[in-house]
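Line order of the protein sequences matches chains F and C.
Under the UniProt record's numbering, think of the first position of the first sequence as 1, with each following residue one higher.
Under the UniProt record's numbering, think of the first position of the second sequence as 1, with each following residue one higher.
No lab work stands behind these hints, which were simulated from the structure alone.
All values reported here derive from a predicted model rather than from experimental measurement.
Some hints here could point you the wrong way.
Each computed BS3-like pair below joins lysine-lysine, with the alpha-carbon atoms no more than 27 Å apart [what the hints assert, rightly or not]:
1. 313(C) <-> 82(F)
2. 52(C) <-> 17(F)
3. 82(F) <-> 595(C)
4. 342(C) <-> 17(F)
5. 544(C) <-> 124(F)
6. 129(C) <-> 101(F)
7. 17(F) <-> 294(C)
8. 82(F) <-> 342(C)
9. 76(F) <-> 152(C)
10. 229(C) <-> 124(F)
11. 229(C) <-> 17(F)
12. 287(C) <-> 82(F)
13. 82(F) <-> 152(C)
14. 595(C) <-> 52(C)
15. 17(F) <-> 313(C)
16. 313(C) <-> 76(F)
17. 76(F) <-> 294(C)
Label pairs and their calculated CB-CB ranges [unchecked claim]:
18. 152(F) <-> 229(C): 34 to 40 Å
19. 35(F) <-> 48(C): 46 to 52 Å
20. 314(C) <-> 105(F): 44 to 50 Å
21. 471(C) <-> 98(F): 57 to 63 Å
22. 21(C) <-> 95(F): 28 to 34 Å
23. 282(C) <-> 141(F): 58 to 64 Å
24. 89(F) <-> 550(C): 53 to 59 Å
25. 167(F) <-> 215(C): 36 to 42 Å
26. 229(C) <-> 105(F): 36 to 42 Å
Built from N, CA and C at the ideal position, the CB exists for glycine as well.
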Amino acid sequence: MAKIKKKVRTITVNADKCNGCRTCEIMCSAFHAVPPYSSNNPARSRIQVITNRLEDIWMPVFAGEYTESECMGRNKYIIDGKEYNECDSCRAACPSRDLFKEPDSGLPLKCDMCDGEEQPVCVKWCLVDALVYEEREVEVDEKDVKETMTEMEVGLESLVSKHGFQKVMDTVARLSKKG
Amino acid sequence: MRYAEAGYYLEVDLATGNIERVATDPKLMELHLGGLGTSVKVHWDRVPPETKAFDPENLLVFSTGLLNGTPVFSANRTVVSFISPQSGTLAYPMMGGFFAAELKYSGYDKIIFKNKSPDWVYLYVSNNKVELRDASHLQGRGAVETQELIRKELNDPKAQVAAIGLAGENRVFTASIEQSRSSASRLGGGAIMGDKKIKAVAVRGTGDVFLAHPEAFMREMQGVTDYIKYRWENPIKDVMTILSGIGSPQEMLHTDEKWHTENFAWGNARTRRRDFWTEEIDESWSKSQHGAVKRLISCYNCPTHCGALISHKDTPRYMAKCFGKLTYAMAAYVDDLDFSWKILQRATEYGVDSFSTPQILAFAVELYEAGILTDKDFKGCPSDKEGRFFWLLDRVARREGIGDILADGVYFAARKIGNGAEAFDHNTIKKHEQLPIKLGTLDPLYFLMYSTNEKISITQMEGQWPQSAFPTMEQRQEFVRDWPQIPDEKFKQIVLDWELRGEKSIPYFPTPDMCSEIVDWMEMMHNIDDAVGMCCGMSSFCLKPPYHIHNYPKIISAATGMDLDEAGLKQIANRSRNLHRAYNNRLGIRRVDEKPPEDHWKKRFPELEEELLSTYYTYKGWNNDGIPTREKLEELDLGYVADDLEKRGILKNGQN
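Just chain F, with the same shape it has in the complex (with noise of 0.2 Å):
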């Protein structure tokens, strides 16, 4: 099988560097407004600070791939005497949590990484370095590499998944004969 390079970016988290103050999401959810920093509203973000505050955890998760069902696990660990719950630190926007998902829509959130942007904001303005930005290389099978999807691929699939495909075929054209 032919090995081929691939730059993977990724956010380091340090959960106990977090001071909890939320940054991340506020920048986050400023960057992506349209036109960028005209509005912001945490709900939006794709990074969320999951506050278990009396248990001392307040852990940055920045989202990944969209899931189109629940998944089976719900169990808790102990780790350094702190109960985390898994569903804490997982990344997917899935159908039970409103987690990585906008409010307005349900349509679920990936991060970007803030394409185009030297690192992604939340690096940037994580003044107390709770978050490290990261490239690196590694080697993966070529059958392995997929394209990332795009925003609007993962909005149309999961509304696919939602309401089926022929609902969202529907929908479209009827949208498109409005003109």
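We have chain F; now place chain C onto it with these hints.
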């Protein structure tokens, strides 16, 4: 579209259960910005001066600031305003935390509560869904506990809850409103909530906050961020550690408490322990603090670490901030910091102010030791210092026995107890407990700040002016070298001329004229902060802060779209300040009320103090009784206020 502000108030009539979403006039922002400014206007328009704190007509207003919910770092304060049961004036304690931003995202700038609920309720605000919910099951629960219970009940970990504990339910005059790692704690907001039978307010919002000019706004944000980083890397020289950086004094981060413990008075604001901070204490307190502080935390959108999650041995966890770390231990004369973590937890659950309450407890101990309170009053009280304080705290929060009298605060308790107890009320201004600090020679700047500000609490009035003269010219030159925050270059010369001793030292220097200008500057910045919802720790309470009179107009303009310059911003701050002043004048405040405690400074200068007050009043455009003149009020578009004051005989027509 409205920028920065939501444009709606939420009006809740607790008597009928009626809830309305009311659009506001955009003109209000131009006249008073928001936050404290517009809240004062609401009270002026709707609460007549005959109203007493526990009358149904007393409004309780939870307000966001103009910049809350925008990306402006540290704009996260909620202003809670009401007529105080303690001072009888318009109080406005503030809290950081996360409440204000969530309310703004819900689509409201303020929640206005009127009348009283017949049963215990909590208000739940979630965007357009707003409801009063039964809180009978929460009665008697702690303020931290209640927040957690409501979050579970709503199944929403991001709901922000402001709650009262038992003290608020029992209308203790020093009852606070607790929320996350913060609290609105001065002057009895918790008592007003309790009187209206509101156990808590929970908010969750998922709406947008809009900015008018995003590019200009982000340029300013970048400048602020660059400065924060610069100041972190370059602490101000020759000032104490807690003042050398930015953010509120970070008591949870720093363990060195030499300055506070040796300069502030212990007990009932009596004793300075000048040699307290020994190596042994340093070691023991540092160990205690490092053991108790589980994590340093901030408020919403703030890069500092003023608060902490506390986990001390078997004490239930809670979040603490700032000076509460010291107040109970110092008031009880307990030298073990472990005591602080324990009693602060109970005090936080009860929901009591950690400035006033320890002083009230220390006042009771002092009366007992003086024989004015007796064994009968203290029946069942342990004899050790720690046990005594816990016992007294329980009595106050529950209003049991002597606690019922103490729960009204030192001023009222002293008068009720009588038998000489009044002489032990030596640290209140306008019936409100002050910072326990007793010093040497009168400080003219602090004299004015203590006496005249509507906050009636010095701890958040000072800030941008050095607390004392620098000993050497080199230090002064270094300090003024890089000081863009000042409103006028002439302030630099005052610092350069200001000596520790001799002709140009306190109390006669800075001169009354200079003092007036400096205090006016402090006051202006605090007023702007309180209008935009900025934490004064990042602005007016901070030496050389990131926000100041030169960048604020640009930030506010970019956020709101208002065409605002420095002169315009000063005019707005002045307008709101004078409206607040007139409101409290209407409630009875006069020159005679504007005096610090007699023993606040060892050396007093009665004539100079009168001159200071007169000079300051004149500078502010107030008459000799501290009431804004018609001329001043008209200059600030407050002619209607002058009419009202004249109608009531507070301002005499033609005499100013």
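Structure-based check of each hint:
The straight-line distance between the Cα atoms of residue 313(C) and residue 82(F) is roughly 16 Å, inside the 27 Å bound, and the hint therefore holds. Simply put, residue 52(C) and residue 17(F) have alpha-carbon atoms about 47 Å apart, too far for the 27 Å limit, and the pair is violated. Between the alpha carbons of residue 82(F) and residue 595(C) the distance comes to roughly 51 Å, so the proposed pair goes past 27 Å and is violated. Under the criterion of a C-alpha separation no larger than 27 Å, the hint pairing residue 342(C) with residue 17(F) is consistent with the structure, at around 26 Å.
In summary, the hint linking residue 544(C) to residue 124(F) is supported, as the alpha carbons are separated by about 24 Å, within the 27 Å threshold. Distance restraint check for residue 129(C) and residue 101(F): the Cα-Cα separation of roughly 20 Å lies within the 27 Å cut-off, and the hinted pair is therefore satisfied. A hinted pair counts as satisfied when its Cα atoms are at most 27 Å apart, and residue 17(F) with residue 294(C) qualifies at roughly 12 Å. Simply put, residue 82(F) and residue 342(C) have alpha-carbon atoms about 22 Å apart, close enough for the 27 Å limit, and the pair holds.
As the CA atoms of residue 76(F) and residue 152(C) are separated by approximately 17 Å, the hinted pair is consistent with the 27 Å bound. For a cut-off of 27 Å, the pair hint linking residue 229(C) to residue 124(F) stands: about 12 Å separates their Cα positions. Our distance criterion of 27 Å between C-alpha atoms is met by residue 229(C) and residue 17(F), whose separation comes to about 17 Å. For the suggested pair residue 287(C) and residue 82(F), the alpha carbons sit about 22 Å apart, so the restraint of at most 27 Å is met.
Among the hinted pairs, residue 82(F) with residue 152(C) is consistent with the structure: their alpha-carbon atoms are about 19 Å apart, no more than 27 Å. For the hint linking residue 595(C) to residue 52(C), the alpha-carbon distance of about 23 Å falls within 27 Å, and the restraint holds. Proximity of residue 17(F) to residue 313(C) is assessed by CA-CA distance (about 23 Å); at most 27 Å being required, the pair is judged to hold. With a C-alpha separation of about 24 Å, the suggested pair residue 313(C) and residue 76(F) falls inside the 27 Å cut-off, and the hint holds.
For the given pair, residue 76(F) sits about 21 Å from residue 294(C) by alpha-carbon distance, which is consistent with the 27 Å threshold. Checked against the hint of 34 to 40 Å, the C-beta distance between residue 152(F) and residue 229(C) comes to roughly 37 Å, which is consistent with it. Taking the beta carbon of each, residue 35(F) and residue 48(C) are about 47 Å apart, inside 46 to 52 Å as hinted. At roughly 48 Å, the beta carbons of residue 314(C) and residue 105(F) sit within the given window of 44 to 50 Å.
A C-beta distance of roughly 59 Å is found between residue 471(C) and residue 98(F), which places it inside the suggested range of 57 to 63 Å. Remark: the range hint 28 to 34 Å for residue 21(C) to residue 95(F) is upheld by a beta-carbon distance near 31 Å. For the pair residue 282(C) and residue 141(F), the supplied restraint of 58 to 64 Å holds, since their beta-carbon distance comes to about 60 Å. Checked against the given bound of 53 to 59 Å, the beta carbons of residue 89(F) and residue 550(C), roughly 44 Å apart, lie outside it.
Between residue 167(F) and residue 215(C) the CB atoms are about 40 Å apart, so this pair conforms to the stated range of 36 to 42 Å. At roughly 38 Å, the beta carbons of residue 229(C) and residue 105(F) sit within the given window of 36 to 42 Å.
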